[in-house]
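Each chain, letter by letter, is given below.
Protein chains: 2
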Amino acid sequence: MAAKMGSFKHSFQEKRERLLSTNKMGFFPIEEQEPHAFSSSRRCCCSFRYLSDKIVGWCRTVQGVAHRAIKMGKSDPRKIVFSAKMGLALTLISLLIFLKQEPFKQLGRYSVWAILTVVVVFEFSIGATLSKGLNRGLGTLSAGGLALGMAELSGLVGEWEEAVIVASIFIIGFIATYAKLYPTMKPYEYGFRVFLLTYCFIMVSGYRTREFIHTAVSRFLLIALGAGVGLGVNILIYPIWAGEDLHNLVAKNFMGVAKSLEGCVSSYLNCIEYARIPSKILTYQASDDPLYSGYRSAVESTSQEDTLMGFAIWEPPHGRYKMLRYPWKNYVKVSGALRHCAFTVMALHGCVLSEIQAPADRRQVFSRELQRVGYEGAKVLRELGNKLKKMEKIGPVDILNEVHEAAEELQKKIDQKSYLLVNSESWEIGNRPKELGEIQDLLDLNDEGNKFHEYKSLSEAVLDLRNFPGSQSWDDPVPAKPASLNASPHDRKPSNLPVPSGKLFMKQISWPAGMTFKAQAEPQVEESSTYENASQLSLATFTSLLIEFVARLQNLVDSFEELGEMALFKEPVDLPEPLESQGRFWTRFLDRLKS
Amino acid sequence: MAAKMGSFKHSFQEKRERLLSTNKMGFFPIEEQEPHAFSSSRRCCCSFRYLSDKIVGWCRTVQGVAHRAIKMGKSDPRKIVFSAKMGLALTLISLLIFLKQEPFKQLGRYSVWAILTVVVVFEFSIGATLSKGLNRGLGTLSAGGLALGMAELSGLVGEWEEAVIVASIFIIGFIATYAKLYPTMKPYEYGFRVFLLTYCFIMVSGYRTREFIHTAVSRFLLIALGAGVGLGVNILIYPIWAGEDLHNLVAKNFMGVAKSLEGCVSSYLNCIEYARIPSKILTYQASDDPLYSGYRSAVESTSQEDTLMGFAIWEPPHGRYKMLRYPWKNYVKVSGALRHCAFTVMALHGCVLSEIQAPADRRQVFSRELQRVGYEGAKVLRELGNKLKKMEKIGPVDILNEVHEAAEELQKKIDQKSYLLVNSESWEIGNRPKELGEIQDLLDLNDEGNKFHEYKSLSEAVLDLRNFPGSQSWDDPVPAKPASLNASPHDRKPSNLPVPSGKLFMKQISWPAGMTFKAQAEPQVEESSTYENASQLSLATFTSLLIEFVARLQNLVDSFEELGEMALFKEPVDLPEPLESQGRFWTRFLDRLKS
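Each protein sequence line maps, in turn, to chains A and B.
Residue numbers for the first sequence follow my numbering, so the first one is 52 and each next one is one higher.
Residue numbers for the second sequence follow my numbering, so the first one is 52 and each next one is one higher.
The reader is advised that the hints may include incorrect statements.
Chain copies aren't distinguished; within one or between two, either way the pair holds.
To be verified - With a straight-line cut-off of 25 Å between C-alpha atoms, the simulated SDA-like cross-links for lysine to any residue are: (1) Lys331 with Ile445; (2) Lys463 with Val113; (3) Lys621 with Asn321; (4) Lys373 with Gly115; (5) Lys122 with Leu282; (6) Lys130 with Ala218; (7) Lys105 with Ala230; (8) Lys231 with Leu185; (9) Lys130 with Met617; (10) Lys444 with Gln408; (11) Lys125 with Pro341; (12) Lys231 with Pro378; (13) Lys237 with Glu174; (14) Lys105 with Arg129; (15) Lys440 with Lys468; (16) Lys237 with Pro128; (17) Lys105 with Gly196; (18) Lys464 with Pro329.
Think of the hints as simulated: they come from the structure by calculation, not from any bench.
Let the sequences and hints guide you as you build the complete structure.
So, in C-alpha cells, the structure goes:
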C-alpha cells in the first residue's frame, strides 16, 4: 500500500530506506576486514617476495602490538606495576626450589600448590585478591575437614571403602555445584570450586597414598604460603584499591553526564542533525559520539560498579578511606541517582536524534533559557563530581539554587510563549463543546504555515470588524447560511455542531476572504501535514525533559548528602569558585565544536 | 531563603522532604535485617531453653534452605541436571584410583590434574565449557612448549641455570599478566592464567625432578583426559546451550518491554500516581515494580547478552541452530534495537513518576488514541517476540501498519486539540510583534484555570461585543485610557507595547468585568502558578515520547528482518492470529490490575 506523501507512514518509510542504507554502511567495516585479513595467504607461497612480505608483515604486527602495549601502559601505569608485582610473586615462590636441605625438601615437592595459589589469587585490586584468598582459604579448610572425616568413615566400612568414596564424591559434587548456582552465592563461586577440587583431590590422592592427613596438611601449608606471598607482594608494594577505582568511576560519570547534557542542549539549539544516525546508537552499542558516550558510560557502568563494590567492601581502611565499614554502597547509590538523571539526558539526546524536529526559529526563541538551564545543570553535576573527588560535603549553600532559578525562568518563558509549542493550524471545531467553537474558526481559516499567522489573522479580523463594520475589505464574503458552514473542511462531523443561530451570523461575517479557496485546497493539505505537525511538540518535549532533569537533581543531591554524612566527608573550604570558568570553557568549547 | 509557595523552588523543597522520608523508609528493610540476624546470639548461653531454641532455629534454617533449593530446582530444572552431571564427571575421574595395574599406576599419581581440569572446565553452558577447555588446552600446550625450550636453554648455561629459570619466570609472569590486561584479551584471561601456571609448574617441578618432558607430557595427558571426560559428560548428557539462553533472553525482553509499555500508558491514563516513589527506582536498582522491572531487565541485560554471545559463538550447530557461523551477533543487535525502544518506555515511565503531572481531565481527552497506540505498540513487540521465539520471518505483511495508523490518529487528535497541551493563561503580550498582541488580551483576561475557559471567554467576549454593542453586561467597565492598559498585569513591559490608538479603543471596550479584580490579585498568582503551569506540558511530552517510540519501532523491525535473513528464519505460516486475543487479555488484565 502506497503511503500518502507527508503522512506518518510515508515518513516512516523514508526513514526506513535511510536506515537500510545506513545499515549497509554500518556493516561493511566489519565484513571488510575479514577478506583483507585472509588476502595475504592467498598469494603464491614459493617466491622470495612472499617470504619478505611475510617478514615485513610480521615486523609490522610486532610493532603494532608494542605500540598498543606502550599506549596501554601510558594510559594506566598501574597495569605495568601490577604485572611486575605478579612476576615478583612468582619469582619469590620459585625460590622454593633452591631449598634442598631436608626440612624444606618436602616443601619443594608440593610447590605446585603454592604456585597455583599465587596465579589464581593474585588479582588486580586488593579487594579482589582478599576476596579470592578468603574464598580459597575457606574452601580448602572446609573441604579438608570434610574429606578427613569422610576418609575416617570410609575406612570403617571395610571392603565398601571404594564405593563410599565414589558415592561421596558424587554427592558432594552435586551439592556444591547446586549451591553455587544459587544467585546470592555468586560472590562465593570460586570458594565452591576450590572446595570441590580440594575434596576430590584429598579423597583420591589420600586413598592412593594412604596419607590423608599428610596430603591435607601439606596442601594447606603450601596454599597458605602461596597466599601469604601473593597478598604480601600485592598489598605492600603499590597497592591498587578497588574502592579508589569505584570512587573515581563515579566521579568520572558525573563529568560524562555533564558533558552530554551541555552537548545535547547546544546541539539542539544549533539544530545539529545527524545526517546519518550511527547504527551503533540505534542498537545501543559503544560509539565515539561525544554526546552519546558521556551518558552511556554512566548508564553502562552498573555491573562494573557492582563488581568494584563487591571488592571494595573486603578492603581494610586505607588512604582517604580511614573508616571501618566504609559506605561503599552509598557510592553506588549516588551513581544510581546520577543514572536516573542520565536517563533524562538520554531522552534529550533522543530529541536530537529524532526524525521529528522542531523548526529552528522556534528553538531560538527559548535559546537563552534552555542554554542557561543546560549550563547550570552541567555546572551542578561538575560541582558535585568535583566535591565527590575531593570528598567534600555540599555545605550550607543551596547548590541547586541557580539551576532552579534557570528552570523557573525557562518555565516562565514557556508560559508566555507556549503558543509557539503547538500548531493551531488544525484545531478542530466540530468536536469541541459548542460554545467554544466560534472564535476558533477565525484562527483556523487563515493558516498558511506562518507561525504567527493565526494570531495575526485573528487579531486583524476582529479589529477590522470593529473598525469597519461593513465587509469592504473582503473580496468575496461567504453567504450567511448554515450550508456554507458545513462546507468548511474543519467541520468533518457536522452533526456535532449544533450552532445557535444567533451566533451563527457573527461567525459568517467574521470569515475572511481566503475561505472558499481553502475549502477546496485543504483536504489534501490536511492529510499530508500530519507528519509535519508532529514536529510542533518536539520543542515542548525537549524543554519538558530538561525541567524533569532539573527535578531529578534533587534526588541526586540528597543521595550525595547522605553519602557525605555516612562517609564523613570534610566540610567545604570557601575558595574562589574555579568551576565557573571551567564550565564556561566547556560550554564555549562545545559550542565551537558544534559550530 | 524561604521559597515562594507554589514556585519551582518550593515544590522542589517539598519533593525533597518527601524523598528524605522515603529514603528513611527505603533504608530500613536493609538495616532491619542485620540486628534480627544477630539477636539470637545475644541471649543467655547456658540454659536448656537456649539449646532448644538453637536447635529449632537450626532446623528452621535447614528447612528454609531446602525450601529455597527446591524452589530454584523447580524454576530451572536444568540446574539440577547440571549439578548431577558435575557429580558424574568427578565420579568418572575418581575411578582412576582403582586402576592399580602397572601401566595405569602413573596415571593415578597425576590424577590431580584431571580432577582440576574437570572442576575448572565444567561450566553451565556448552559454549562456556568449550571456550574454557580451549583456553586451557592452548595455554597448557603453548606454556609446555615454551617451558621445554627454556629448560633446554637453561641447561646449556651451566651454573647460571637457577638464575635463568628465575629470571624467565619473572619475565614470562610480567608479559603474560600485562597481555591479559589488554581489553580485547578479556575472553582469553583464563588461558593466560593457565599458561602462567603451567609454565611455572613445569620449570619448578622439572628442575627439581629433572623430568621436564615427563612432567609436561603427563600433565598434558591428564588434562586431556579431564577435559575429555568433562566435555563428554557435559555435551552428551542433556546439553545446555548458551545460544538457546540468548535466544530466550532476547524473546523475553520483548515481552517485558511490551508489558511495561502497556502498563505505562494505562497507568498514565488512569492517573495512577506513586504515593511514594520507591527509592530503588530513583537509584536504578532492581525493584519489583511491574512497570519498572519490564523495561529494566531489557535495559540491564547488556552484559548478560554479551557473555552469552561470547559463549554461543563457540557452540557447534545444534538443534534449531543448524548452521555454521550462526549470526548470534544479530540477536544482540536486535536486543540493542529493542533497548533503544525501551529507553522511550523508560522516559514514558518517567512521566508517570514525575512530580509534574498533567490534569486528569486533559489526559482523558486523548485517552482512546493513547490507549490504542500503547496497545498496538505492545502488540507489535509481542508479535516480534513470538516470531523470534518461533524463528519466523515477518513475512510480506507490514507489521507496523496498525501502530502507524494509531500514531497518526493520535497525532491528528493532537493537532486538533493541541490547545489543551499548553496553558494560555500567561501568554505575554509585550514581547510579541505588536500586531499580534491585541486579541490575545481577550484570551488572557478571563483565566480561572478552567480548561476551556480561555476559548469560552474569548468567543463570548467577541460575540457579546457584536450582539450588544453597548457594555450593559459588564458591572464595571474599565475606563478607556492608556494608563489602565499599563495597569494590566499582563503588560509587564509597557514600553514594548506601542499600541496604535485607533485599535486601543477596541481593546478597552472588550475588557470584561473581572478585570480590575484580576489586576490586583494576579501578581501573587503569577509567581505561585509557575510550578503548576509546568504540568501543562507533561501530556505533550507523554504523547510526543509515545510517537517517538513508534518511530523507533522501524529500526527494531529492520534489525529483526536482518536477523531473519541471516539466520534463515522460516517463512511465516498463515494461522488465525492468536496474538490478538492474547494481547487483549493482557490489556484487560493490566487494566484490571491498575484499576
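To see whether the hints hold, each was checked on the structure:
For the homomeric pair Lys331 and Ile445, the shortest alpha-carbon distance between copies (23 Å) is at most 25 Å, but the shortest distance inside one copy (38 Å) is not. In the homo-oligomer, the alpha carbons of Lys463 and Val113 never lie at most 25 Å apart, since the shortest distance is 63 Å inside one protomer and 63 Å across protomers. Taking identical chains as interchangeable, the C-alpha atoms of Lys621 and Asn321 are never at most 25 Å apart, the minima being 41 Å within one chain and 47 Å between chains. Taking CA atoms no more than 25 Å apart as the test, Lys373 paired with Gly115 passes in neither setting, with 43 Å inside one copy and 38 Å between copies.
Taking the closest pair of Cα atoms, Lys122 and Leu282 never come within 25 Å of each other, the shortest separation being 28 Å inside a single copy and 39 Å across copies. Taking the shortest Cα distances, Lys130 and Ala218 sit within 25 Å of each other only across copies (20 Å), while inside one copy they are farther apart (46 Å). Taking identical chains as interchangeable, the C-alpha atoms of Lys105 and Ala230 lie at most 25 Å apart only when they sit on different chains, with a minimum of 24 Å there against 52 Å within one chain. When the C-alpha separation of Lys231 and Leu185 is checked against a cutoff of 25 Å, the pair qualifies both within a copy, at 16 Å, and between copies, at 23 Å.
With identical chains, the CA atoms of Lys130 and Met617 are never at most 25 Å apart, being 32 Å at best within one copy and 40 Å at best between copies. Neither within a single protomer nor between protomers do Lys444 and Gln408 lie at most 25 Å apart by alpha-carbon distance, with minima of 41 Å and 33 Å respectively. Taking identical chains as interchangeable, the C-alpha atoms of Lys125 and Pro341 lie at most 25 Å apart only when both belong to the same chain, with a minimum of 23 Å there against 47 Å between chains. In this homomeric assembly, Lys231 and Pro378 never come within 25 Å of each other (Cα to Cα): the closest approach is 27 Å inside a single copy and 31 Å across copies.
Taking identical chains as interchangeable, the C-alpha atoms of Lys237 and Glu174 lie at most 25 Å apart whether they share a chain (17 Å) or sit on different chains (14 Å). In this assembly of identical chains, the alpha carbons of Lys105 and Arg129 never lie at most 25 Å apart, being 35 Å within a copy and 49 Å across copies at closest. In this homomeric assembly, Lys440 and Lys468 never come within 25 Å of each other (Cα to Cα): the closest approach is 41 Å inside a single copy and 50 Å across copies. For the identical chains of this complex, Lys237 and Pro128 are inter-copy neighbours only, at 19 Å across copies versus 31 Å inside a copy, given an alpha-carbon limit of 25 Å.
Taking the closest pair of Cα atoms, Lys105 and Gly196 come within 25 Å of each other only across two copies (23 Å); inside a single copy the shortest separation is 58 Å, beyond that limit. In this assembly of identical chains, the alpha carbons of Lys464 and Pro329 never lie at most 25 Å apart, being 34 Å within a copy and 33 Å across copies at closest.
Figure legend: structure checked against the earlier numbered hints; hints not met, in rising order: 2, 3, 4, 5, 9, 10, 12, 14, 15, 18.
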